[in-house]
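Model the full structure from these sequences, guided by the hints.
Protein chains in written order, with my numbering: chain A, -12 to 326; chain B, 8 to 105.
I should point out that these hints are in silico values taken from the structure, not numbers from a laboratory.
All C-beta atoms, glycine included, are put in the ideal place defined by N, C-alpha and C.
Heads up, a few of these hints could be off.
Claimed, not checked - Here are the simulated distance ranges between beta carbons:
{"#": "1", "chain 1": "B", "residue 1": "I82", "chain 2": "A", "residue 2": "K99", "range": "31 to 41 Å"}
{"#": "2", "chain 1": "B", "residue 1": "I82", "chain 2": "A", "residue 2": "K217", "range": "52 to 62 Å"}
{"#": "3", "chain 1": "B", "residue 1": "E63", "chain 2": "A", "residue 2": "S76", "range": "53 to 63 Å"}
{"#": "4", "chain 1": "A", "residue 1": "K287", "chain 2": "B", "residue 2": "T68", "range": "31 to 41 Å"}
{"#": "5", "chain 1": "A", "residue 1": "K220", "chain 2": "B", "residue 2": "I82", "range": "32 to 42 Å"}
{"#": "6", "chain 1": "B", "residue 1": "D54", "chain 2": "A", "residue 2": "L30", "range": "46 to 56 Å"}
{"#": "7", "chain 1": "A", "residue 1": "K(-1)", "chain 2": "B", "residue 2": "K51", "range": "35 to 45 Å"}
{"#": "8", "chain 1": "A", "residue 1": "S76", "chain 2": "B", "residue 2": "I82", "range": "51 to 61 Å"}
{"#": "9", "chain 1": "B", "residue 1": "I82", "chain 2": "A", "residue 2": "S244", "range": "25 to 35 Å"}
{"#": "10", "chain 1": "A", "residue 1": "T269", "chain 2": "B", "residue 2": "G78", "range": "29 to 39 Å"}
{"#": "11", "chain 1": "A", "residue 1": "I158", "chain 2": "B", "residue 2": "I82", "range": "55 to 65 Å"}
{"#": "12", "chain 1": "A", "residue 1": "S76", "chain 2": "B", "residue 2": "D13", "range": "29 to 39 Å"}
Said to hold, decoys possible - Dumping the calculated DSS-like pairs for lysine-lysine here, alpha-carbon to alpha-carbon at most 25 Å:
{"#": "13", "chain 1": "A", "residue 1": "K50", "chain 2": "A", "residue 2": "K(-1)"}
{"#": "14", "chain 1": "A", "residue 1": "K284", "chain 2": "B", "residue 2": "K18"}
{"#": "15", "chain 1": "A", "residue 1": "K138", "chain 2": "A", "residue 2": "K211"}
{"#": "16", "chain 1": "A", "residue 1": "K284", "chain 2": "B", "residue 2": "K36"}
{"#": "17", "chain 1": "A", "residue 1": "K(-1)", "chain 2": "A", "residue 2": "K104"}
{"#": "18", "chain 1": "A", "residue 1": "K320", "chain 2": "A", "residue 2": "K284"}
{"#": "19", "chain 1": "A", "residue 1": "K220", "chain 2": "A", "residue 2": "K302"}
{"#": "20", "chain 1": "A", "residue 1": "K287", "chain 2": "B", "residue 2": "K18"}
{"#": "21", "chain 1": "B", "residue 1": "K87", "chain 2": "A", "residue 2": "K39"}
{"#": "22", "chain 1": "A", "residue 1": "K63", "chain 2": "B", "residue 2": "K74"}
{"#": "23", "chain 1": "A", "residue 1": "K146", "chain 2": "A", "residue 2": "K156"}
{"#": "24", "chain 1": "B", "residue 1": "K36", "chain 2": "A", "residue 2": "K274"}
{"#": "25", "chain 1": "A", "residue 1": "K274", "chain 2": "B", "residue 2": "K74"}
{"#": "26", "chain 1": "B", "residue 1": "K74", "chain 2": "A", "residue 2": "K46"}
{"#": "27", "chain 1": "A", "residue 1": "K39", "chain 2": "A", "residue 2": "K(-1)"}
{"#": "28", "chain 1": "A", "residue 1": "K(-1)", "chain 2": "B", "residue 2": "K86"}
{"#": "29", "chain 1": "A", "residue 1": "K105", "chain 2": "A", "residue 2": "K146"}
{"#": "30", "chain 1": "A", "residue 1": "K211", "chain 2": "A", "residue 2": "K302"}
{"#": "31", "chain 1": "B", "residue 1": "K86", "chain 2": "A", "residue 2": "K46"}
{"#": "32", "chain 1": "B", "residue 1": "K18", "chain 2": "A", "residue 2": "K48"}
{"#": "33", "chain 1": "B", "residue 1": "K36", "chain 2": "A", "residue 2": "K48"}
{"#": "34", "chain 1": "A", "residue 1": "K287", "chain 2": "B", "residue 2": "K36"}
{"#": "35", "chain 1": "B", "residue 1": "K86", "chain 2": "A", "residue 2": "K39"}
{"#": "36", "chain 1": "A", "residue 1": "K98", "chain 2": "A", "residue 2": "K48"}
As the list claims (entries may be wrong) - A few chain B residues that face chain A, going by a derived Cβ cut-off under 10 Å, partial list only:
{"#": "37", "residue": "A12"}
{"#": "38", "residue": "D20"}
{"#": "39", "residue": "F27"}
{"#": "40", "residue": "I34"}
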Amino acid sequence: MDGYNDKKNINKDFYVQWHFIDSCNLRCVHCYQNDYNHKTLDLNILKDIFLKLDEAMAKWKMKCFVSLTGGEPFLKPEGLFYLMDMIESSDNFKNIAILTNGTLIDNTLIKKIKNYKKLAEVQVSLDGHDEESHDGVRGEGTFLKTINSIKMLKNSGIKTAVMFTLHKKNIGSASNMPRLAALLNIDALTVERMTAMSDIERDEFFIEASDLKNVYFDVYASAKTEFKNKNTKLSVSRPLWNLIDENAGGYCPAGLSSLCILHDGALLPCRRLYLPLGNILTDGLFKVWYNSDILWKLRKRNGENGCAGCSHADKCGGCKAISYYYNRDLNSKDPQCWI
Amino acid sequence: MLILADTVSLKQDEENFMLFDNISGNIYKLNELSYEILSLCDGKNTDEDILLNITESFDATITEAEKDFEGLVRILLDKKYIYDNDNEKGGELYEKDL
Ligand code: SF4
Ligand code: SF4
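Right under this line is the structure:
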C-alpha cells in the first residue's frame, strides 16, 4: 500500500476562487449573487478557511492561485488585506488575483495592493464597450468609474485584465471590446459566456450556438487586428475557443484542479455551478474533495460525457455549468457548442 | 468483524483504486486485491468470508490470500483505518490476537 498523495501534482497549480464577502455595491442584471446584504465580515472565519486551504495545499504539494472576490472585494478592504497578508506569507500560495467591479478603487488602495509581491493581476469587469451598454448591465455611472479605475491600475504598473461577461443583452458590444482593451492598453481581455441558471435567465440572456460562433469569430478577428504590436492578449483558455484556434481552449478545471469557496466556507465546484459540495469549516476540504459524487462526476472524461469522440475534447469538453443548467446533466454536450 | 473507520473512504475511478484519509488528507493507491479486501470490511463479513471471496475472485490459494490479507490488515489496524467491531478495544487487541 503506497502513500502517494498524488505525486504527479507536485508544484502544479490549484485554482481557488474565494468569494470572501457576499456584499456588493452594484446590482448587475446578470449577477450570480442572491443576497447582497450580509454586511459583517468575520475575520476569524476567513482565517479558519485560509488554514484549511493552506493545509490541503501543503499535503497535496500544490501551489494555490487564489482569486479574491465577492460581492465586491473593495467594499471591505480590511478583509481583503487580512487575507492577502496571510496568503503572502505562505509558501503554499503562489499568486493572488483580485476580481472587482472597479467602482471603489482609489489611489490609496492601489498603493496598498501594490506592496504584495504575490499580486498577479487585478481583473475588472466591463460588460460593454461604451457607457450605454455597460451601464445598461451594471447601473448608471459605473462605466466611467470603472474606466477610470482601469487607467489608475495600469498607470500604477499593476497587471490589469478585463472580464467581459457575454450574454444576449450585450452581444453587440463583444466585438468592440478588443478595441477598448487596446485603447486602455490593458494586459488581458477575457470574453466569457454568462451561465443562465434558470428558465427565466435562459429566455433573457442565452445566446444560441450559431450566434455564439459568429461572436467568437468576430472577437478573435478583432483582437488579432487591435492587439497587433500591443502587449494586450485575448484570454482563450476556456472551453469552445479551441473551435476558433487549434492552439487555444482548455478543459473545464472544475473538480480537477479548481474550487470555489463562498464567504461562509460553503464549497462549490465553480461559482457558476451552484451545487453545494459541503463546507470547508465543518467538513474539511479533504472529505469533500475525496468523496463528493458531484466532483467525481465532473472528473469523468473518457467516453462518459456528451463530448465523447469529439476531436476537440482534450482542449474543450464544454462548460460544465452551462451544460448542467441547460440539460440538468453535468456531462452532457455544451448547448452553445456549434459543431 | 472488520470494519472500515468512518474517517477513511474507498474509491475506484477509471483506472485507480484509492483509499482516502479524510482527516490527514493522505491518499493511498491500492492494488485491486487490497481494494477488494477493504470493500469487504463492512462489519458483517467474517475474516473467513473475506478470504473465501478473494480466493474465488482472484484465483489465489487460501495460503496466498491469507498472507496478503494478514499483511494488509496489520498495516491498516496500525493506522486505525479499520477496526474490529467485535472487540471493544478496537484495533489494538485484534492486532495482538493475530
Ligand atoms: S462536442 Fe464537446 S469537446 Fe467538442 S467542441 Fe463541442 S463542447 Fe467542445
Ligand atoms: S463549469 Fe464552466 S465556468 Fe466553471 S470552471 Fe468549468 S468551464 Fe469554467
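Hints, verified against the model:
no., hint, verdict
1, B/I82 - A/K99: 31 to 41 Å, "violated, 52 Å"
2, B/I82 - A/K217: 52 to 62 Å, "holds, 59 Å"
3, B/E63 - A/S76: 53 to 63 Å, "holds, 56 Å"
4, A/K287 - B/T68: 31 to 41 Å, "holds, 37 Å"
5, A/K220 - B/I82: 32 to 42 Å, "violated, 51 Å"
6, B/D54 - A/L30: 46 to 56 Å, "holds, 52 Å"
7, A/K(-1) - B/K51: 35 to 45 Å, "holds, 41 Å"
8, A/S76 - B/I82: 51 to 61 Å, "violated, 37 Å"
9, B/I82 - A/S244: 25 to 35 Å, "holds, 30 Å"
10, A/T269 - B/G78: 29 to 39 Å, "holds, 36 Å"
11, A/I158 - B/I82: 55 to 65 Å, "holds, 60 Å"
12, A/S76 - B/D13: 29 to 39 Å, "holds, 35 Å"
13, A/K50 - A/K(-1), "holds, 6 Å"
14, A/K284 - B/K18, "holds, 13 Å"
15, A/K138 - A/K211, "holds, 22 Å"
16, A/K284 - B/K36, "holds, 20 Å"
17, A/K(-1) - A/K104, "holds, 20 Å"
18, A/K320 - A/K284, "holds, 14 Å"
19, A/K220 - A/K302, "holds, 19 Å"
20, A/K287 - B/K18, "holds, 14 Å"
21, B/K87 - A/K39, "holds, 23 Å"
22, A/K63 - B/K74, "violated, 61 Å"
23, A/K146 - A/K156, "violated, 29 Å"
24, B/K36 - A/K274, "holds, 17 Å"
25, A/K274 - B/K74, "violated, 31 Å"
26, B/K74 - A/K46, "violated, 32 Å"
27, A/K39 - A/K(-1), "holds, 18 Å"
28, A/K(-1) - B/K86, "violated, 29 Å"
29, A/K105 - A/K146, "holds, 12 Å"
30, A/K211 - A/K302, "holds, 21 Å"
31, B/K86 - A/K46, "holds, 18 Å"
32, B/K18 - A/K48, "holds, 21 Å"
33, B/K36 - A/K48, "holds, 17 Å"
34, A/K287 - B/K36, "holds, 19 Å"
35, B/K86 - A/K39, "holds, 22 Å"
36, A/K98 - A/K48, "violated, 32 Å"
37, A12, "violated, 13 Å"
38, D20, "holds, 7 Å"
39, F27, "holds, 4 Å"
40, I34, "holds, 5 Å"
The earlier numbered hints that this structure contradicts are 1, 5, 8, 22, 23, 25, 26, 28, 36 and 37.
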